[in-house]
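Using full-length UniProt numbering, you'd call the opening residue of the sequence shown number 1 and step up by one each time.
Hints were generated in silico from the structure; no laboratory data involved. Since the structure is predicted, the reported quantities are computational estimates derived from the model, not experimental observations. Please note that a few of the clues may not be correct.
Restraint ranges, calculated between C-beta atoms of paired labels, are given here [said to hold, decoys possible]: (1) 219 with 189: 25 to 35 Å; (2) 98 with 218: 35 to 45 Å; (3) 185 with 109: 17 to 27 Å; (4) 181 with 89: 31 to 41 Å; (5) 140 with 89: 37 to 47 Å; (6) 98 with 184: 22 to 32 Å; (7) 89 with 138: 34 to 44 Å; (8) 185 with 98: 21 to 31 Å; (9) 135 with 91: 29 to 39 Å; (10) 162 with 87: 22 to 32 Å; (11) 108 with 138: 34 to 44 Å; (12) 188 with 134: 16 to 26 Å; (13) 89 with 115: 20 to 30 Å.
Cβ atoms here follow ideal geometry from the backbone N, Cα and C, with glycine treated the same way.
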Amino acid sequence: MSTATRTNEERAAEFVAAVRDRLSDLPRDEVDELTDGLAADLVDRLSDGNELGDPRSYAEELRQAAGLPERVEPESAPQPREGLMDQGRALASRWREWWDETSGRRGVRDFVLSLRSVWWVLRGVAVATVFCLLFGISSGGVVWLLVTGAATLLSVQWGRGAWLPGAWAVWLRRIGSVVAILALLPLAGIALDRLSFAHASTGDDLETFLPPGLTSNGESVTNIFAYDCDGQPLGAVQLFTQDGSPLHTGDGQPGSYADWLPMGGSDANGEWIDYRRNAAATMPDEWNVFPLRELSTSDLMAGEEDTDPATQQGAEPTAPYERVPVLGDCAATVPDEAASDSEDAQDEQTARERAESKGASDPAPSQAAAAAQDTP
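With the hints as extra help, turn the sequences into a complete structure.
Set out below in structure tokens:
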């Protein structure tokens, strides 16, 4: 048998197999009956130089000749769904192809890849921060430093492909990357808030936060009470600053506008208190005489005839202490009255002696007049 004959037989066998496949929905005995002797006929046809045609069309012709119905396609079995890993790989492949399409994208990709070491460090710090927040580890301590250092070292090694004992470590690295990405945005916001607070807390900016008027350690001072050396309260004391300016508890300068008043405040019971000049102060701008008189909200609402707050004089304030401890050396601050009296007496004696000495040296008025008459 020649090579050409063998080739025709093979082609005929392939054609018959394709026809039988198209008739596979029929019973096997019917398929055998329809294709019986078909291979030999096809070999003869090929030997005559004819083509076999389409096996699908030939199978349909056999059906029609035998009076059989058209082929009924069997329902295709459901294809298994593509797994998440396969989808992820396909997406990653398309992503890489997109970056490789242009030189500009490749340049951006290469630059970002050069920053991988920075990302490894940030990933370690972010994961360590989340861990410390979950377990209540305060930042800046020894434990915080150990956790942050260990997480950063592990992140860098995993990024370099080291310290990955198995597939579970790869998944753990991916989970750590997701946690770091989700945590970086809020952590960046917290860092910015702390930087803003630190900037606002500098000495140059503190002045903008000070309340108006007189303050002590950032707290408003609304009234001042003075006590003498023996611990007794003083009813009228004039106070001045180191520059000689009158000390007051208001904003601006007294008398700078018609309704100028010192700063008010709340008492221990939460009632609002306005302040008026000390009874000893007679001039409109004498707001440096302390303590100031008080005008409470209840006084304003008491139904008095004078209901204008600007003209009400208020009441004498209650001192915070009836008496304070006596100073240790009051004598050093109190003038010595005996010494003062002695000095005054000595001054008077000196004045008398000078007057007597002057009277003895000058001639008496009568003697001077007589001498003037005797003179020719």
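Against the structure, the hints:
| no. | hint | result |
| --- | --- | --- |
| 1 | 219 with 189: 25 to 35 Å | 32 Å, holds |
| 2 | 98 with 218: 35 to 45 Å | 59 Å, violated |
| 3 | 185 with 109: 17 to 27 Å | 23 Å, holds |
| 4 | 181 with 89: 31 to 41 Å | 20 Å, violated |
| 5 | 140 with 89: 37 to 47 Å | 43 Å, holds |
| 6 | 98 with 184: 22 to 32 Å | 25 Å, holds |
| 7 | 89 with 138: 34 to 44 Å | 43 Å, holds |
| 8 | 185 with 98: 21 to 31 Å | 25 Å, holds |
| 9 | 135 with 91: 29 to 39 Å | 35 Å, holds |
| 10 | 162 with 87: 22 to 32 Å | 29 Å, holds |
| 11 | 108 with 138: 34 to 44 Å | 40 Å, holds |
| 12 | 188 with 134: 16 to 26 Å | 19 Å, holds |
| 13 | 89 with 115: 20 to 30 Å | 25 Å, holds |
Taken one by one, the earlier hints fail for this structure at numbers 2, 4, listed in ascending order.
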